[in-house]
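Student: With chain G fixed as given, assemble chain X onto it according to the hints.
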Amino acid sequence: MKTRNEKRMMYQRALTDSILKLDPRRLARNPVMFVVEVGSVLTTLLLAQALFGEGQENPAFIGAIALWLWFTVLFANFSDALAEGRGKAQADSLRNARKDTQAKKLREAKYGTPFTLTPSSALRQGDLYLVEAGDLLAADGEAVQGVASVNESAVTGESAPVIREAGGDRSAVTGGTLILSDWLIVRVTANPGEGFLERMIAMVEGAKRQKTPNEIALNILLAAFTIIFLVVCITLLPFSLYSVNSSGLGTPVTITVLVALLVCLIPTTIGGLLPAIGIAGMDRLIRRNVIALSGRAVEAAGDVDVLLLDKTGTITLGNRQAVEFIPVGKANERELAQAAQLSSLADETPEGRSIVVLAKEKYNLRGRDGGAEGMTFIEFTAQTRMSGVNFNGTEIRKGAPDTMLEYIGTNGRAVPADLHKAVEQIAKHGGTPLVVTENGDALGVIHLKDIVKGGIKERFGHLRKMGIKTVMITGDNPLTAAAIAAEAGVDDFLAQATPEAKLKLIRNYQTGGRLVAMTGDGTNDAPALAQADVAVAMNTGTQPAREAANMIDLDSNPTKLIEIVEIGKQLLMTRGSLTTFSIANDVAKYFAIIPAAFATTYPALQALNLLGLATPASAIMSAVIFNALVIVALIPLALRGVPYRAVGAAQLLRDNLLLYGVGGLIAPFIGIKLIDLILVTLRLT
Amino acid sequence: MTFIGILQIVLYIVVLVALTKPLGAHMARVYQGEKTFLDPLLRPVERFLYRLFGTRETDEMDWKTYAMAVLMFSAAGLVFLYTLQRAQGFLPLNPQAFGAVTPDSSFNTASSFVTNTNWQGYAGETTMSYLTQMLGMTVQNFVSAATGMAVLVAFIRGLTRHNSKLLGNFWVDLTRSTLYILLPLAILVSLLIISQGAVQSLASSTTATLVEPTIDSNGATVTTQTIAVGPAASQVAIKHLGTNGGGFFNANAAHPFESPTPLTDFVLILAESVIAAALCYTFGKMVGDTRQGWAILAAMVVLLVTFMFVAYWAEAKGNPAFAPFGVDQTASDVNPGGNMEGKEVRFGIARSALFATATTATSTGAVNSMHDSYMPMGGFVPLFMMQLGEVVLGGVGSGLYGMLVFVIVAVFIAGLMVGRTPEYLGKKIEPFEMKMAALLILIMPLTVLGMTAFAVVHPEGLKSISNPGAHGFSQVLYAFTSQGNNNGSAFAGLGANTLFYNTLGGLAMLISRFWLAVPTLALAGSLARKKHVPASAGTLPTYSPLFIGWLIAVVLIVGALNFLPGLALGPVVEQVMMK
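Same order as they appear, the protein sequences are chains G and X.
The numbering used here puts the first sequence at residues 1 to 685.
The numbering used here puts the second sequence at residues 1001 to 1579.
With the rest of the complex left out, here is chain G:
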């Protein structure tokens, strides 16, 4: 939880920033708000003219309009600054980690050779340096020697230490993280200023934020609406001149009223909130500990058609579990369970523990019940390829079927006829069989199974409703893979997956016009990550994998891909919904302003004053105030995003149209009337 003080700081900074953002050079990037600013300047000049010379209107009215127009710009800037502010706070904490440190630069990758102290800013790609317990890592790199525990909380926010070691998939280290124990020799992979931390800071600060294609397309549409309304308002002046001349009544519409009408009509709600929506989308990812390295990737996430998911860790729990004891020959199930449990008592692997637990659950066997004191546990070794226990002259062993068949053979015992069948049956259902023997006699088979994560099937069901196809990637054989795929409810699977096969699969989908998302951590995932449209690398992954990806998951949780897709969709939905809302608002504003603007020329037009607004001035004021306040009212929605539910596109459209389209038609009628009533009550009209 953020303290109250921090929150106040954040708002204060956003307030200051919203004034700084009035700089027309910065606002020009946003055509809608730029027009509002020009309108504000124009009305302010008109106010000066009214105060010091001949004005077209009452100075108080012009002044009030000018004030609220400035507020409109400021409110929009504030939303933008507030969204950026959250990122800035995160960037500050990241920046603290990026201190200039002294690195122990080595000439050769050998522990114990002399080093020279070099500032981290002088390290270049390919340099080697040593880090020992208590040192900060000076630059991003790859461990080439050693094993160390590292505190990466500066980057991930997670204070539990992680192991980094040379070789394998845990070799990537990040500059700014702290070595807790042991040592590492690191080869630098990024020049100063190009490291992971710097890229993260740039992304969260939004400094490198470029408009995404969809944002550009929407901006074009909004600019078109702005131009249309500009022409509508400009031509209204000659129209009004003609009407005054031909009816001989009243005065032409004033510039102030035209500017007010223009600002009310152009899509200021979406125009003002558009930058904030984009930044907030990135921010929502950051809060889920995902760093997007490009805004385009976040947007693409909403479009993903195919999700490639690794089986282990994403779809199944990392470990297999015992689910069944199948006795063979003369043995009964209880005997088998007891033997299996005894052989696994000392087995600290999750598989071993699961056997003990299953025996206890099914037959209420307690660990030591069946055995006497003085048990000798035989550990699994690469030579024997089996494990077990010896006690009172009884020899219990368990292991993979081929090893165990050989062991039964050497003991000169017969292989029960139903053993093969049991083994085959388990393999067919995607499980792993373990054969248990007692004194060389086969007792039966333990069924070890991949356990599909709870609730994952429902999640895939949701994805299917969203129109997203799930594909499981596994190194298992096709038979096992098919069984797990069916159980988990994925749409398709790729068995015996090689890096080439993955790459080919992605390319095939892309050629068919589909967008592919995947997660990966190993170096061999890098080519596929680079090819995928949305590629999420685990922070625990290797440097090549992190380089190839366009998002990094700091929690290294592969299931998060699903959340990323939802955030992408939310981003687009928020834009669409607020655009609809903004344009639907215009209908009510016309009914407020048109009768008011021509009140003196055509009093009969009061018939259009459906809301019964008090006076022409209060009608125009109410519309302008509503227009400004609605931006503030919608800031929370812009930052939070329109909630996404995994229902079909048709239902989503219906719900959002009802809420933002019909709501957008009705809301301003109510809002403008209320403001008018308040103005009347306060005698401000």
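A couple of the hints might just be wrong.
Said to hold, decoys possible - Pairs of lysine-lysine, BS3-like flavour, derived with a Cα cap of 30 Å:
id, chain 1, residue 1, chain 2, residue 2
1, G, K211, X, K1317
2, G, K104, G, K7
3, X, K1531, G, K465
4, G, K453, G, K362
5, G, K453, G, K360
6, G, K469, X, K1531
7, X, K1021, G, K504
8, G, K504, G, K457
9, X, K1035, G, K211
10, G, K21, X, K1435
To be clear, the hints were calculated from the coordinates, so they are not data collected in a lab.
All of these numbers come straight from a predicted model, not from anything done at the bench.
Tutor: Chain X alone, transformed into the frame defined by chain G:
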């Protein structure tokens, strides 16, 4: 409103929808180069034409070449038609010996017919020779319509093709549209209306002696009447089928020699809307999903029917200003009721409202009654139908491609609302598409509002206004709305045959036709290059009733937002002031 009146509107819609599928399927075959039942007769003619002009049927064009062909062909038509009018005094088939048409009127008329607008600042029977009517007007009635259809077909190809630059061959599309679609239908309709008494003759006008002499506006006694005839029926048929609207006679479809009976009136209303409606089916057929075509047609028909009833209601209600004088305005067996000013007694109120809405919803612009004499809300309907951008059926070809631009805008916003980068028929809507779509919806209001604003403050513009006040404003707004949307119908009151209106109007017509056709083709070119995204459960369905409703809302809101202030100062204020 009477039962029989409502029934006529319902009958029209039923027949229109019934004709959509057979005609649409025929046109799909024509544009996909498939065999049709007309092949034995027309294929040799088609081949001969290609040989004559050195066109190779299989040579396809990219969007730039296609657009260039459209522009060159239309420019040639413009120059030819201008020259023909200026030189008609020296040319044959001119029994009344009409002299050259003035330069500004010639320019306006040439622009008008080449752009499928058929705004007429002149009176046909007293201005144009038979040669000009036949070789100029009638020919342009065919080819300007065919040009619109060709651009539409190129646009549809942009949607259906992927990873391709080519959009088809303009010359082939033009030829096939004319030969296989417009010509057979025109012959059919001509014969139908001739059988009912429409005039088709090369004889000069005849003079008749009046049974009862009358007095003209100068007080002189008039004893004879000139009865104009000419090759009218052939031009009338195509002016409706091709949504052109330029009458042979000044009174247009209200003239008994153009449309002698209620039956011909019905046939002509049907003729002007049937191709535009059927093209929706053709579109569905060509994109491989007829639901998409029916969805668009449904949106169009809902708008059309709604506004037909608004117009009918406004006219049938009559004029409240007459009430104090005890004028009976209720319909009975002997009294049509309602507002009969400017309406043909042959057709009555329901028929006139039906015609007025259909002629402005489609970009035809022919009239069987005088829109200037409608009640304010009755006059509002034709005005607003045009201001929607001629997309409710609209011009043949141009109506549907205009509507497809609205579909793209609707899909863009709705697509975002379902959380995907918007796509239509598997094509992603990206910045370039949005740029073109924005241009396409921008140009029309810019032209119409800009020119109206200029005219209502310019002394030359003000001179032509016949009624002062809000109605005068409606007249000017109507004139530029009509020309800026290539409709061509007139709110008769405005004296538009002046240098000022001819020039400005001519420009409006050229801008709205070609400034729209070129970005449309650019859009098609960009869509054709994209790859096809297969549909999934996350894809926005663009044929559901919900989407149809959304499309209607987008069309209405964009139209209303552009023109509401203008309308408020014209018909709306006239309406509220009447009370």
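Student: Confirm or reject each hint.
Tutor: Each hint, compared with the structure:
no.	hint	result
1	G:K211 with X:K1317	violated (55 Å)
2	G:K104 with G:K7	violated (40 Å)
3	X:K1531 with G:K465	holds (24 Å)
4	G:K453 with G:K362	holds (22 Å)
5	G:K453 with G:K360	holds (22 Å)
6	G:K469 with X:K1531	holds (20 Å)
7	X:K1021 with G:K504	violated (45 Å)
8	G:K504 with G:K457	holds (26 Å)
9	X:K1035 with G:K211	violated (50 Å)
10	G:K21 with X:K1435	holds (27 Å)
In the structure shown, a violation is registered for the earlier hints numbered 1, 2, 7 and 9, in ascending order.
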